[in-house]
Amino acid sequence: MTHKDIQEELKKVQSLLKQEKEEELKQYKAKLNESSFVAQRKQGLCWYPIRLERTGFDSGERLIVRISRSKEHKDSHQFQSGKPIRLFSNTAGVNEEDFVNGVVNQVKESEMFITLYCDDLPDWIYSGYLGVQVLFDEVSYREMEQAMAFLIETDDKRVNEFKNILLGSTEARFATETFHVNVSTLNKKQNDALNLVNRAYDVAIIHGPPGTGKTTTLVEAILQVLNKEEQVLVCAPSNTAADLLVEKLDGKQVEVLRIGNPARVTEELLSKTLDARIVHHPYYKELKALRKKADEYKNLARKYKRNFGQTEREQRRLLFEEAGKLKAEAEQLEFFISNDIVSKAQVIAATLVGANNYALKGKKFHTVFIDEAAQATEPASWIPIIKAERIIFAGDHCQLPPTIKSIDAAQSGLSVTLFEKAIKRNKADIMLIEQYRMNRQIMSFSSLIFYNDQLIANNEVANARIFPEDLPVEFVDTAGTGYFEQLDEETFSTYNREEANLLTRHFTDYINQLEAMHILKEVKNIGIISPYKAQVSLLQEAFQTGYMQEHISGILSINTVDSFQGQEREIIYISLVRSNEKGEIGFLSDIRRMNVAMTRARRKLVIIGDSSTICSHPFYNKLIDYVNEIGAYRSAFDFMQG
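Quick note on numbering: the sequence shown equals residues 1361 to 2002 in the numbering used here.
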């Protein structure tokens, strides 16, 4: 590709980003315009009413609150770690100003941890009904827009070289000498990946299919680089993924600084944040005193009224002037403290957008690592790349892509990540092939379809089953049963009540079997997955109370595919939902999503669906052939009769 072609490609991505922002804002406003909090709750924008469970300050002196919602309110929602929010009171007669903004730290099924942007709890927090609302994330878009504008206009030599390597026809360069890194705890391909990273001048790509130890390899690669470089930047698209790397590196005694908002609310993680480090810096007391003094001068100045005489007006001006000087002095000291802390860290960890945090403005790094790069939009990926001399990507473009709200923008190319472009246009990648998670039969279909049949099951897991005679894979076919899908008129999500009932029955029988064999206690965790939120809600309802809840309390998770990304369970059930006479499969046509769902299972995978509907797609045709081949096919009729 020529320079002109690259510029045109970047301008197209810039335009698609604008389109995506407009669509997300439009969807947000449309949902927000719903008249009641109940309606907003159903749209996923609001938890209301909520209970204030606990308040306190973290090690960075930030105000943290834990809130919970009623267990009856199981509506799916858009709250995620790092999302901006508004905590509000709905007491009759309160002022519109009775709210405080903040950010989500961590969200579970019925509780949420929030950092509030205020020094003290507002008075109204203990009166009336409280709620929390998702806000539109303007900041992330602004950072991505600035990155794209910079890329298009820049004359920075290294950034332009990256444009040619990642988007053009310039080949990534590697040192010709052979490196002989051989970490005994890693397998051959993982060590090959380390050697690739060591040889790379521009870019190296670690392609990690499910269960192949991508994170383990990446952490070891970071340790190798730190033997030669004093500091690296490590990024990921989400707070959760960034936190995971912080935990792993901290476990290796690496000095890590977490920039931005941690999703996992533990004191160990919070102590790694810039805010916490500032509070414990030797000059923090001086900084606090300067801020306090500036506030005192400002408050004194505000006491003067306009009708005071010339002397009072002059005094007021001088007080404001002094407050301004003290504030500027405090900002300078804070800048010095931040720089001091940043300079001493071996690893700086952040989200992609967080890589442009004020503490890192203008800072360059020799090596930048981007984990889960196949889940990041291209504009977000460029933010840390602009700061780099070389890039190490890790990810898997055969798993979940980034979430794009605008269908047009996605179809026009915004769903294609920079990771995908780089892996297709360069010979700079290595694929890890030995997986340590799944039984061979669970792995094999995914390996065949997505990874050129190259994956190998490690001996420890190859034949792992819940019990010796168990089938590792089952496909229960509902074809011909008349278990047709329905559409939820409020959420426009698809569900299938009869299929949910069948799954519940199969699950109950299986759990009872394990209990009768006295091995249920050996099962640490179980997941039930559906691509459709309405089906997830149905299944959550079915398992909420009663006999089965007592048996599996604490070990069962029921959620969408996206929520299980990066996780694994001993047993996985998947409800495909779609069953209609037209052969329409909608969401299921995103086969990467199915790849994620199926590869969460370690020892047992049960898929329930209608073959006559899903086989309109070649992927599912091959799946049915595969389950027949390994003796995993079962008819729902046989099951119901049994």
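Watch out, some of these pointers could steer you wrong.
What the hints assert, rightly or not - Calculated lysine-lysine pairs in the DSSO-like style (CA-CA distance at most 27 Å, straight line): (1) 1663 to 1364; (2) 1747 to 1612; (3) 1468 to 1588; (4) 1391 to 1517; (5) 1431 to 1378; (6) 1372 to 1431; (7) 1608 to 1645; (8) 1747 to 1685; (9) 1548 to 1517; (10) 1612 to 1372; (11) 1724 to 1371; (12) 1608 to 1884; (13) 1372 to 1787; (14) 1431 to 1608; (15) 1787 to 1765.
Stated by the list, open to error - Now the in silico label distances, taken between C-beta atoms and shown as ranges: (16) 1882 to 1703: 19 to 27 Å; (17) 1767 to 1409: 51 to 59 Å; (18) 1461 to 1671: 20 to 28 Å; (19) 1613 to 1510: 42 to 50 Å; (20) 1363 to 1944: 16 to 24 Å; (21) 1858 to 1613: 38 to 46 Å.
Since the hints were made in silico from the structure, they are not lab data.
Backbone N, C-alpha and C define an ideal beta-carbon position, used for all residues, glycine too.
Exercise. Which of the stated hints cannot be reconciled with the structure, identified by number in ascending sequence?
Worked result: 1, 3, 4, 5, 6, 7, 8, 9, 10, 14, 15, 16, 17, 18, 19, 20 and 21
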